[in-house]
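Chains as they are written, first to last, in the working numbering: chain P, 1 to 212; chain U, 1 to 418.
Just to be clear, a hint being listed does not mean it is correct.
Stated by the list, open to error - Derived EDC-like pairs (lysine to aspartate or glutamate); straight-line CA-CA distance at most 16 Å:
hint, chain 1, residue 1, chain 2, residue 2
1, U, 191, P, 91
2, U, 93, P, 91
3, P, 203, P, 54
4, P, 86, U, 228
5, U, 107, P, 207
6, P, 86, P, 184
7, P, 203, U, 96
8, U, 93, P, 207
What the hints contain is simulated information worked out from the structure, not anything from laboratory work.
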Amino acid sequence: MKSRIFVTCILSPLFLFVAGCQTTPVQNTAGTPTTYQDPGTRGAVSGVGIESQDIVSMTDKMSRDMLGDPVFVGSKGTPRIIIDSKFFSNESSERINKNIITDRLRIGLNRVSKGRMQFVGREYSGMVEKERDLKRAGKVDTATRGLTRAQAGADFRLGGRISSLDARNASTGQISRYNQITFEMVDLENGLIVWSGIYEFSKSAQDNIVYR
Amino acid sequence: MAKRFGLRSLGCVLILGISACQTLQKHELEAKVAPEVLAGYLKDKPENLKRLYAPILLQGKRNLVLNHVRIGIAAMEERHFDLAEASFDIALKSIETIYADNEEAEKALSLWTKENIKDFKGEPYERAMAYYYRGLLYLVVGDYENARASFKGGMLQDAFAADKQDRSDFAALAYLEGWASKCWGNENLAKDSFAEAVGLNAALSAPKPGQNLLAIFETGHPPQKLADGDSNEKLTFKRGPNSSEKKLRVSLAKVSNTVAPAEDIFYQASTRGGRPIDSILAGKVNFKDGANTVGDGLLVAGTATLAVSSNRNTAIAGAAMMFAGLVAKAAAAAAQPDADIRAWDNLPDKVFLTTFAQHDDSQNPTAHVLDAAGDVIAGSAVDLPIIGGDDACKFSWARNLSAFAVNDRAPGSFVPEK
């Protein structure tokens with residue numbers, strides 16, 4: 001009887017030690033298979049900056065607003081517009097490829113306006129110039145659409161600014177960022193701002209305590 | 001006889017049990033990666049960077065940021081700017097991600113798991129320096145808007161110091177934000193940032209009109225992270241060795257600037273103050289100490305009871321007390337209060353910066369380290385080659401210690417398997 005008690009006393013702690021020393025599995029084994037995510041919804045990895053869902057929302061909102069504005073649609077003649085990131089500045093605390101915003105805006109408008117707006121690809125002007133030179137030098141033929149006196153001029157050009165205001169609470173680890181993205185369409189003849197749009201949002205988050 | 005045997009056995013179990021609870025935890029082990037898989041991953045990497053890339057596969061997500069920032073700075077030194085950009089982009093993406101419901105972060109709070117199970121994001125000074133280098137890489141390619149945003153982002157990482165005066169006091173980042181704004185052509189933003197930089201560090205001054213070259217020289221070894229306290233629960237910092245540079249003379253043609261540090265990285269590391277996790281680690285230590293004390297008491301009482309037992313019941317009671325004592329000791333031994341001491345080890349100790357008007361591309365600035373008397377230390381001259389920018393905003397950069405002068409694995413990131 002006594003020997004059974006001792007054996008139990010010996011084996012039980014041994015088992016407990018072994019179990020207690022078990023820890024979490026190796027982190028580096030299995031990965032996560034690739035999954036498609038809807039760019040219009042919050043992704044698996046997120047912070048307080050501009051993310052895909054914000055870009056989708058803001059460009060959709062600006063497109064709808066511009067398409068409903070009589071300056072662009074319904075006025076005499078089809079307006080020619082330059083939408084690129086050249087005059088779209090980033091004064092925020094966030095690194096960003098501004099082309100993601102301006103490209104989506106331009107392409108969305110171009111598809112939806114169905115010819116009611118024309119878009120000048122000014123960033124491609126060098127490429128166009130080379131082809132024009134080849135045609136005029138007779139090195140290539142004139143293709144099928146005929147020649148023009150010059151590349152297309154534009155009536156309006158997009159300008160705008162990305163700004164942010166950041167706040168940190170050192171005691172709680174709470175961080176928040178107010179993001180403001182302004183869009184303005186400038187008349188390239190007289191400099192008047194003929195249309196403005198603003199998209200703003202604020203995000204707040206708190207990292208796990210182990211990272212504060 | 002049987003009693004004596006039992007006591008001895010229990011003692012052996014106690015010793016074995018405690019030794020079984022080694023400080024090494026499974027998450028600290030490297031993954032076993034097939035050699036052909038590793039070779040395939042490293043195939044297109046520059047030869048001298050391969051040893052720094054290997055831990056990306058071996059240590060996985062937990063040390064992804066740590067390994068990429070080490071690669072980034074080394075790749076920058078080797079002028080592999082595309083690789084450096086890619087590494088810092090990966091690192092910053094993780095740093096900017098909010099780990100609000102992260103499983104590993106939760107485990108780091110557990111009594112039985114070390115803090116270092118969490119994915120490494122670095123201490124605030126390390127995060128700020130990741131933004132600093134990403135900003136420099138934007139300067140190289142002349143993307144001044146994103147350079148400015150990156151430096152500003154770095155400053156925000158420095159906002160969690162315990163003392164108010166130590167928050168967002170990274171003067172070099174404010175200065176560089178000003179420089180990037182100036183290069184971008186936004187004079188208003190530049191003016192504000194230079195004023196902020198000078199307010200934080202009086203040794204700095206805004207560039208004079210016509211100055212088109214920013215020269216940066218980084219010196220010394222980075223702060224070392226140490227685990228202090230009886231149970232290694234306190235994260236402390238020690239200045240890196242060979243980090244005594246206090247002043248430089250940076251010369252270009254006939255112009256010489258005496259330059260004080262724009263940033264002291266050790267100062268930034270050591271003025272962060274207490275971390276919220278420290279109280280959790282202290283709680284783990286309290287548990288460990290308490291369980292040890294209870295365990296000791298029960299073992300002594302159990303042994304005494306067993307020794308004087310004259311009947312079966314008393315002997316069982318003594319054995320039960322010893323058993324409970326062993327359980328308490330086991331729990332104490334299994335508690336893991338160790339502070340996370342993984343560290344970015346190819347950072348500098350100090351950042352010096354100055355500006356020049358440079359019109360002759362064939363000349364680079366040269367930095368000399370000065371001694372306490374202000375005299376040039378012989379043999380300390382280092383050429384600061386221009387590595388990027390444009391005519392209006394050139395950028396030269398060098399270090400007195402190579403980013404490659406580190407081990408294959410970052411400190412605290414690797415425990416050899418026995």
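Self-check item: Given pair status - residue 228(U), residue 86(P), alpha carbons within 16 Å
Solution: Violated: residue 86(P) and residue 228(U) sit about 53 Å apart, past 16 Å.
Quiz item: residue 93(U) and residue 91(P): Cα distance at most 16 Å?
Solution: violated (20 Å)
Self-check item: 16 Å Cα cutoff - pair residue 107(U), residue 207(P)
Solution: holds (15 Å)
Quiz item: Is residue 191(U) close enough to residue 91(P), meaning Cα to Cα at most 16 Å?
Solution: holds (14 Å)
Quiz prompt | Straight-line alpha-carbon gap residue 86(P) to residue 184(P), limit 16 Å | solution = Roughly 13 Å separates the two Cα atoms, so the pair holds.
Quiz item: Would the pair residue 203(P) and residue 96(U) pass a check requiring their Cα atoms to be no farther apart than 16 Å?
Solution: Judged against 16 Å, a Cα distance of about 13 Å means the pair holds.
Quiz item: Holds or violated: residue 93(U) with residue 207(P), Cα cutoff 16 Å?
Solution: It holds: about 14 Å lies between the C-alpha atoms, which stays within 16 Å.
Self-check item: 16 Å limit on alpha-carbon distance, applied to hinted pair residue 203(P) and residue 54(P)
Solution: holds (11 Å)
Hints 2, 4 from the earlier list are contradicted by this structure; the remaining hints agree with it.
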